[in-house]
Amino acid sequence: MSGSSFDTSKPSGSFPDTWKKPPFIKNKTLRWLVYLAVILYFAAAFGTMDINWTRAYEGLPRGAEFIASFFPPTMIDSNGVDVSGTIVEGILESIWMAIVATVAGIILSVPIGLGASRNLAPTPVYLFCRGIIASSRTFPEVILAIFAVKLFGFGSFAGLVALSIGTIGFFAKLLAEDIEITAKSPNEAIESTGAGWFQWVNYAIQPQVLPRMIGLSVYRLDINFRESAVVGIVGGGGIGATLKTSFERYDFSISATILLSIIIIVMMLEYSSGYLRKWVQ
Amino acid sequence: MPIIQTPGGPTWQRRTTPKQLIIWFSWLVGIAVVVFAWLRIADNDLLWVYMPTVGREATDMVSRMVPPKWSYIDVLWKPIWDTLNIATIGTVMAMILAVPIAFAAAVNTTPHRAVRAVALFIIVASRSVNSLIWALALVFILGPGILAGTLAIGLRSIGGCSKLLYEAIEEIDHKQVEAIEATGASRLQQMAYGIMPQVMPTFAGVAVFRWDINVRGSTILGLVGAGGIGLQLSGSMATLAWTQVSMILIAILGTVVISEYVSAKVRHAII
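Chains as they are written, first to last, in my numbering: chain D, -10 to 270; chain U, 1179 to 1449.
Source of the hints: derived by calculation from the structure; they are not laboratory data.
Calculated lysine-lysine pairs in the DSS-like style (CA-CA distance at most 27 Å, straight line): (1) Lys162(D) x Lys173(D); (2) Lys1247(U) x Lys139(D); (3) Lys162(D) x Lys1443(U); (4) Lys1353(U) x Lys15(D); (5) Lys1443(U) x Lys15(D); (6) Lys1256(U) x Lys1443(U); (7) Lys162(D) x Lys267(D); (8) Lys17(D) x Lys1443(U); (9) Lys267(D) x Lys173(D); (10) Lys10(D) x Lys1353(U); (11) Lys9(D) x Lys1353(U); (12) Lys267(D) x Lys1197(U).
Note that the structure is predicted; figures quoted are calculated from it, not measured.
Pulled out of the complex, with its shape left as it was, chain D reads as follows (with noise of 0.2 Å):
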């Protein structure tokens, strides 16, 4: 067969020989007027943001030095004196305080998590439980260590508080979703033994959830552990406090040190997370 005898000339207009990527919004002018939406809303955020470019600019070579002045990272404060002693004290002090809320919430969670789900508490404990929930979500870790720091005193009883009450806004509306979307049969099997309602939690709802919330709470203690570094700020105890003091005493290289270490201990919190959960399943 001879190329000539074949065709190659385009069948001009029934087929198209350019491809266009679908628009990600189909409908033409709905995708004008979100494109145009969101230019006005730039325009406006950026026109009332009342940024000071020129003292931002002047503090572009400041930090520079800034972040030089971060390098290297050492223990040994402007005076010559070693306070290493100080950062592990501070992290232990984190370590611990992350360990203590990560548990009291997770206590706290399972009552509150069992009466916000749909499927098994009344409708006013559900209300009531998910009031619990929407309001400790609300407010960030530091806005309840500032009150708890009120109530409490200085310290990480105040951050531990905080941090407790912070966990039962994530654990205890995980729980409840996750009891929400547990398989019907094996709940009817074990309602069907006669069992009462405690054991029907913990025979049919618990071992469905059980494998996913511990995943959670190793990831819920990495965030107290991060989070405890900022309770510190406003008075609540743990590396957050030395931290704070490193920065307004100008001793960055240490609040490098601590900011480095804070970066390694949750990195060695992920992959042990990973493991833990392959161990459970």
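For this one, chain D is given, so just place chain U on it according to the hints.
Using the frame of chain D, we list chain U on its own:
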């Protein structure tokens, strides 16, 4: 699920005896660690000085905060708008930067293992440092204000967004990428036409999810001077204007509830 032979005949147990022992031992270690940690925290003399006054302090605080100074909301509209802008622009910035980092961190798209290690380090570093600490540092560099807050939110979000994105990239269907490759597409074109369409829904979902988190996060940045409603909060607390504090808390509650509602609606529309 083993059957154990006992003098009374075979009985069923959920786990074998060694497995049961391991579980009991893990519980023992776990409880010991928690008790030890608690003892370290309780080992604070001052704590027990404060304890008896907690009830009085709480009633005192509540009595000072009630009723909220409703008229103060007129002052709060601008800070609320600023807070939302910090969250939105910070999220947009993070999403833009998260895409290349996610592609560098995903096993199937990374150009080199060393690049992947760097990308993973960026992700962990950004995630480990809270936005409040980023803000604390950025206020030193850029001066107090919204810019520092926006950048802090952005820097903090890069890690979270990239992590979720690269996990989505690793879970894609490879047949589609191979199909694109078979047409002679370059690596970049494969990413754009083979991978991006698959991760776009996740991408949008992550953006909305992160925006919701960032609205919460940006309400407190003002505590270190980085703009938003937190500025009013720290100012009111410094001047002991507790009725204003309660009004601000109500405003934060409203903002967060609305942002949660919006993000839930958008997420339903996307998925």
